[in-house]
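Chains as they are written, first to last, in my numbering: chain A, 1 to 181; chain B, 1001 to 1181; chain C, 2001 to 2181; chain D, 3001 to 3181.
Hints in this document: simulated from the structure, not taken from any laboratory. The beta carbon of each residue, even a glycine, is placed where N, CA and C say it ideally should be. Please note that a few of the clues may not be correct.
Cβ-to-Cβ under 8 Å is the rule here; a few derived chain C residues that face chain D [stated by the list, open to error]:
no. : residue
1   : V2147
2   : L2151
3   : A2154
4   : E2155
5   : I2156
Here is how the chains run, residue by residue.
Protein chains: 4
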Amino acid sequence: MPAKPSALASQRFAPPLFVSQWLNTPAPLTLEQLRGRVVVLHAFQMLCPGCVSHGLPQAMEIQRAFDPRTLAVVGLHSVFEHHDVMTFAALRAFAHEYRLSFPIAVDESSDDHPLPRTMQAYAMQGTPTLVLIDALGRIREQHFGTVADLLLGAEIGQLLAERGQTGTAGLSPHLPEEKSA
Amino acid sequence: MPAKPSALASQRFAPPLFVSQWLNTPAPLTLEQLRGRVVVLHAFQMLCPGCVSHGLPQAMEIQRAFDPRTLAVVGLHSVFEHHDVMTFAALRAFAHEYRLSFPIAVDESSDDHPLPRTMQAYAMQGTPTLVLIDALGRIREQHFGTVADLLLGAEIGQLLAERGQTGTAGLSPHLPEEKSA
Amino acid sequence: MPAKPSALASQRFAPPLFVSQWLNTPAPLTLEQLRGRVVVLHAFQMLCPGCVSHGLPQAMEIQRAFDPRTLAVVGLHSVFEHHDVMTFAALRAFAHEYRLSFPIAVDESSDDHPLPRTMQAYAMQGTPTLVLIDALGRIREQHFGTVADLLLGAEIGQLLAERGQTGTAGLSPHLPEEKSA
Amino acid sequence: MPAKPSALASQRFAPPLFVSQWLNTPAPLTLEQLRGRVVVLHAFQMLCPGCVSHGLPQAMEIQRAFDPRTLAVVGLHSVFEHHDVMTFAALRAFAHEYRLSFPIAVDESSDDHPLPRTMQAYAMQGTPTLVLIDALGRIREQHFGTVADLLLGAEIGQLLAERGQTGTAGLSPHLPEEKSA
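Okay, chain A solo, but in the shape it has when bound (with noise of 0.2 Å):
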């Protein structure tokens, strides 16, 4: 068992995700077609360097290591600050870039708060941040900052074994693909 066992015991279900722009993916996907899957949700700014020197590659990482039958990447472009800068457009070409090939839901402003509103909705500290969300759609861990591989990865481990015995495997196939940019 990871070291914080009594996390893995939230069973808080995961707010739905609100989404203005997608890209990587051919339509919009939403997280409860990604059910009876692991989804390691990575919310982001393409202009934060904690995101661009840990949290991104470690993503990439995670796409690159593990089934995407079983586990799927969901990037999440949460913009905070300097919004006239970290457009669509800016983001496309920053995800180009640095080969970003996961779809990446661009979150969406709020009229009424500074904060984009799937980060409101999961309670997010800053960018970046991972969020870990079972086969059956609970958020499992929620790790604001650096994250270390080891501990990360059994957290997925667990996941993917609980996965396999609660007999949700069976489901992918009807999901629908990542697409590689």
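Got chain A sorted already, so can you dock chains B, C and D onto it with the hints?
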């Protein structure tokens, strides 16, 4: 499921350790005593550069990251070259300088073979080699050379999750505790 | 002597910088004003991964390691792709987030060429490019891509030693100081 | 000029090396023989973690980066603990495994002092220690612990530049060449 599900299906029981001497433990250990815990067996040589730069720091991080009641790290000093200088006294000085605090077995040398006996029994190809043994005593992974923390973490997480579900956790209190040197 | 003595014998004077805008300096700079100091000119693009992971951290370390009265670090934002999103406003946000405090020139775009004008004048092949200019204003090294700290340090040390011996050090007090943003 | 100009003004001549045995050289070396070259003297212990992870790799990179006719790297095995296991035979095995090919002097032990004699003569505080000796045989820098490649490179570059200007370069052909093991 980690990237190599077929390897995880392996059912071979871990051979016993052939040990001439122990370090960092008040009494000799056996794998049978550790049954009920996931065991990370790390075979190394103190003069092996890849062990010093990669394998041993990874073993130490595993020891720090997981609860010793559910996962045991065991070192194995499998000397197959420079026997005259990789003595027990040298290993003890090495372990002191590198702050290794997990139990370390000295792999028993062979009368009729250049490789020590445990190394032979596990068919290890060299050092570093990391063996993952599940709570039931079966070899589940054996990595020669470097293995990424993320993948290794996922393998460990899976074994810990299985362990939780097979009810073996209850055995832990009866097991000898690891000693910090 | 560093590994490429022949390159060090180059005598070409550094072409002037073609600049549309400056960041992190109260007034525009010219290389002539910096005569008497060793100049490290670092050409980058804010969306260039190698610049962000290697080139800019190295430029920042150079700025920290050496006395600004004897060595000046100057950034050059040489945009040759994604012009619509690598704007001055975007660069300013980027420089703020990455804590870049050395003066940064925006390389002037060309009417008749895809590469900006300073990039052309120096025959740069891409970004990152690091140009070492001696106290007499001559290009002494031009590195495209990554260059190891040890070798780069040796090149800088040689130029600083030469500078000390040519009596140009006395000019330093008359030069404009660098401003930290 | 590097960050510590005052240290560079030191004029102390490097004491002779007290050596019980040599490795990686066909004949004993003296600093006098190396006069005319910049000398990087790297004091280490084979069981010192900081030496293995930082000091020795840096010494090897210096050896690779610079012309052996102008700069000589010399190792110094200054054992002040675990004498019984850091023997010459152990050092030889260590140097073989880590591919150390520069000459290594075994610092002569002292009858009446726990520190070996060269270590005492240089007033070294521990290992790793890196001593920079100029072409005229003077100690110019002495770093205990880690030193960044960029700063160390600048110090080396300065000494190499001075060497070029004092006409000592011409001595190089007469000096014994380093041997690769």
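Exercise. Does the interface hint hold: is I2156 (chain C) within less than 8 Å of chain D, judged Cβ to Cβ?
Worked result: Hint holds; I2156 (chain C) Cβ to chain D Cβ min 5 Å, cut 8 Å.
For this session: Using Cβ atoms only, decide whether V2147 (chain C) comes closer than 8 Å to chain D, and label the hint accordingly.
Result: With a closest approach of 11 Å, the V2147 (chain C) hint is violated.
Exercise. Quick one, is the L2151 (chain C) hint okay against chain D at 8 Å, beta carbons?
Worked result: Since chain D brings a Cβ to about 5 Å from L2151 (chain C), closer than 8 Å, the hint holds.
Problem set entry | Status of the hint placing E2155 (chain C) at chain D (closest C-beta pair under 8 Å) | holds (6 Å)
Exercise. Can we keep the A2154 (chain C) interface hint, with Cβ of chain D closer than 8 Å?
Worked result: holds (4 Å)
Against the hints set out earlier in the document, a violation occurs for number 1 only.
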